[in-house]
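One line per chain: the protein sequences are A and B, in this order. Take the first sequence: its position 535, counted from the start at 1, is 535 in the working numbering, and no numbers get skipped. Take the second sequence: its position 284, counted from the start at 1, is 284 in the working numbering, and no numbers get skipped.
Errors might be hidden in some of the hints.
Identical copies look the same in the list; a pair holds intra-copy or inter-copy alike.
[As the list claims (entries may be wrong)] Listed below are the simulated DSSO-like cross-link pairs for lysine-lysine, each with C-alpha atoms no more than 30 Å apart in a straight line:
hint, residue 1, residue 2
1, Lys416, Lys193
2, Lys193, Lys400
3, Lys382, Lys193
4, Lys416, Lys571
5, Lys221, Lys83
Derived from the structure by calculation, the hints contain no laboratory data.
There are 2 protein chains.
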Amino acid sequence: MSAPASRLRTVLNHLLPSSNNNTNNPNPPHLSHLSPTFFLERAAAIEPHAEAVYHVTANQRVLRRSYRELADRARGLAYYLRKKGLRRVGLLAPNTPAFLESIYGIVAAGGVMVPVNYRLKEEDVRYILEFAEVDCVVVDKEFEGLLVGFRKARPEVEVIVDLDTDVKEGQLCGPYDEAVLEGLTYDRETGSKGWADLVSQTVADEDDMLAIPFTSGTTSKPKGVVYTHRGAYLAAMANVVESGLNLPDGRCKYLWTLPMFHAVGWTFPWSICAVRGTHVCLRKIDYPLIWKLLKEEGITHFNAAPTVNTLLCADPNAEALPRPVRVTVAASPPTAHLFEQMTNLNLLPVHVYGLTETYGPITRGYMLPEWDTLPKKEKYAKMARQGHGFVTALPARIIKPDQPEGVLVDVARDGKEMGEIVFSGNICCKGYYKDPEATRKLFAGGVLHSGDLAVWHPDGSIQIQDRAKDIIISGGENISSVALESMLASHPSILEAGVVAVPDSHWGERPKAYITVRRPTTTGPASGVGNSLLRGEDVIQWARNHSAISRFMVPREVEVVRELPKTSTGKIRKNVLREWAKKGTPREILEG
Amino acid sequence: MSAPASRLRTVLNHLLPSSNNNTNNPNPPHLSHLSPTFFLERAAAIEPHAEAVYHVTANQRVLRRSYRELADRARGLAYYLRKKGLRRVGLLAPNTPAFLESIYGIVAAGGVMVPVNYRLKEEDVRYILEFAEVDCVVVDKEFEGLLVGFRKARPEVEVIVDLDTDVKEGQLCGPYDEAVLEGLTYDRETGSKGWADLVSQTVADEDDMLAIPFTSGTTSKPKGVVYTHRGAYLAAMANVVESGLNLPDGRCKYLWTLPMFHAVGWTFPWSICAVRGTHVCLRKIDYPLIWKLLKEEGITHFNAAPTVNTLLCADPNAEALPRPVRVTVAASPPTAHLFEQMTNLNLLPVHVYGLTETYGPITRGYMLPEWDTLPKKEKYAKMARQGHGFVTALPARIIKPDQPEGVLVDVARDGKEMGEIVFSGNICCKGYYKDPEATRKLFAGGVLHSGDLAVWHPDGSIQIQDRAKDIIISGGENISSVALESMLASHPSILEAGVVAVPDSHWGERPKAYITVRRPTTTGPASGVGNSLLRGEDVIQWARNHSAISRFMVPREVEVVRELPKTSTGKIRKNVLREWAKKGTPREILEG
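Excised from the complex, chain A in its bound form (with noise of 0.2 Å):
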């Protein structure tokens, strides 16, 4: 087949002239190669004084910024990084906007952003720095004591410490506003150049890199995943579409409960900005906060994944908004049940799929007007379905696992024969960074396989099973320990689920469930059953007379927890529950 990319310019030379030296823009006219950082320039350009940020302070206070200043911070601080000569920053902190600055700030500078988890250990933190090969980190002052091992090994790395405070007149509130003022000074006295020199309108080539956020690696070292100026910014349009930010009455007032550090906070950080939304920004999830924030700021769309979700619905402040919030849903499989508790607070989901490998979300389940007339909970099952790639992605596929590597073979689209998800295009990540070997497996045959479990329905749409590892295989049949967990939410008084594979002599594995039980509210559903005395062997009958749950799906054993270990990002942590169901549950875990 074709270069496709080669091709580019031998094509047009009959018809163009020449690049000229007279615009920003190097390329044949028609060809501006794509990239994010734009939306900002753009943004306080159209709009200045609109809301741009609203945060609530480490020290309490409310702050808000409008686009003209959060424009000039970010260009503050890729002045700063462009006199000191640094070009490869990490990002430690939680959803500041000092962390939105530096994303348009790093890449605006021509350098490339590495978010950190905040809640990795000090030793991981390390190694991704030094893996990443930072010469600069920005870090929330709340974190500062993760870098302890790095700084020691890197003393040359410049560390830009954010109080997170807000500035006042004739105040320097720490490193990183200074190092933005001395950005901003540095700019007016080289000429006062502005956006018009850095990198923002156009990228030398959109292919190029522009961040490296780090899968969470629960089982091996974290990698580096390798994000392009062209990637990001069709994944931001297409988040823009899909989640519907471009309000036609108003302005998106959009809040940040997914972290940013996240596959770049699945590239809202540009979506928001593309249509000059509010980010509203918030150090940590507190339940009580966000639902004062949904109903006294007006916040249109937030992010977030079922547990997050599931936490908020049972929060007691929980009311039915007035207005109705686009949430988007996203990480681990959502549940029917919690479909309709969200909707019933009119938080609206917005069901989508993806890895971090892929910009986050990259398939959504479509709402289809039809689906009104079905009886409830078939309709909530449709709604649970992972779905169609994105407006700007490719379609998904599902091929069989059993073939050798790089062949790929569908699976039939019959709703049933499960296999393994697979991407292609242009919300797909170039590769892992520094890591040819995983790249490869990464992309074995051409596409890039999700190592998630899938059946492929006649649609097209398609319907997550399980990660490949989390399949309990029970005398010869396939569990689905997400369609299993799924079934056990379903009861009134369970509040999340984990189901992982425990060994059995004779069926080979059986399941084992770890369940948290509702709390009382005062508005939930499903208050008061009796929730303190729910037993394992309760639940265990109940599965039994389900009609839903097969004989040999019901759980060998049910244990009621305080809390399920959870990732970063909201996943349970299976590897967790393996753990415990091999060496006993931690006593201090058990309810009761």
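Since chain A is already given, all that's left is putting chain B on it; use the hints.
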């Protein structure tokens, strides 16, 4: 500077595996070349039963087709073209389903479409089709007569006539439907490969040509404008976001008032399918029918030139709509008066501006919430600005017109200094087909020259003053004919105004205005102000006393005419007015 395109692959090599033969994507897995044709295949997969087309046929039957039907028919045409080896297809039709199907079918077959304005003279149609080297023409029965000369000259070119009648069981409705069926049969007999074997999910090179729409050519031969897959894709995505076609709470229903031949319908044939909206096709502009559809079919969006909106607002059926309809307004600059009228009818303007050379719209006048507190006049004056570059475009610039060719010097951003609007970036065409000299001029200095004069406001928004050749220079003062037309249209009895320069011995030039008067309506805001009595001298007197019209701007002559001459896209044909001014207005045009 770098040659980014040719670097695209080089950068990849250390990371990525070589391409594979297992997928439809011949590129590295993370790069699929953008093509908007995929939007239809995708829509039909996700929502096969969603209504894709509503249309009243030539034989007055209401036709409704689903996305599966639309996709099947486009696929049939594609396989027919492939079977016959046809690669470049002229399109001569009003806004019919066949036109829409052809836009997808031709490109899916790997071909290039050449849409032709059916309001042109036979010799111009022949010129375009010969110049574009078509090997096939799809023509609507009504316009077959325009092909007589072309068919004689090129008898080898296949002509497929569409009757635009509904196909009923067992009854074939003309050659176009037969071709579609033949194509579907061909696909079935050669292995039923469907969309998988067509050019849809990705394309060999996104910078390849997919369409050659022609400029209207009021003063010279029409020029063919080269559209690429990438350009059309990014323009279509921008239109989704800018016109808000992805409604949060339902499906977009788009009314085809804009001709599809014009800049391929501003890329909306693709935008609408990207969001799985309904195309409500229209054979011709029929104001009572449009009002009927607005009221009864739940139209959510349409696009139209100000002149169409003016007449729509003046139609006796005009009535404030219960739900807002977004009207994307472009072509000639709309008056503040028109904006106000439309808003009162719940026709909410999205004000855009562009050229055939920019895939239609490329800038938008963004409405800012802070304008709501301004006095009405100021607010509507701001709304009439052409605004800022689209989300997927680069910023528009205004350059001094008096520089040597290719030298770009920005005008002051003071809202006063006039200069030429220039563009660059992805929503610019690739050039003029087979016209290197015109292409060189179009891109002189590395930017796309619009030929439109505008001022640049301090916030970076642009505001058109005139076509360069339409400016009136009177006693050394520049008079914007557009601004004067807008002021005249604020007279309660004036419907539309067209202003041109006439020679003046003292001042050099002075303005002459041609106006049409408003008919009394039952609902219109300014009915029966003695319209039939309005005379030119009354208007001159009124203009003398108008605070915003400077003395030197007052027209020397005003003639009341029955209608203004317009191009097929609704722009006032200033060359005809200049002709009238020189040789006298034709008697049958004069009012009263």
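Evaluated hints:
Proximity of Lys416 and Lys193 under a CA criterion of 30 Å is satisfied inter-copy only: 24 Å between copies versus 60 Å inside one chain copy. For the identical chains of this complex, Lys193 and Lys400 are inter-copy neighbours only, at 21 Å across copies versus 55 Å inside a copy, given an alpha-carbon limit of 30 Å. In this assembly of identical chains, Lys382 and Lys193 lie within 30 Å of each other by CA distance solely across copies; the values are 28 Å between and 53 Å within a copy. In this assembly of identical chains, Lys416 and Lys571 lie within 30 Å of each other by CA distance solely inside one copy; the values are 25 Å within and 58 Å between copies.
For a Cα distance limit of 30 Å, the shortest separation of Lys221 from Lys83 qualifies neither inside one copy, at 34 Å, nor across copies, at 54 Å.
The structure shown violates just one earlier hint, number 5.
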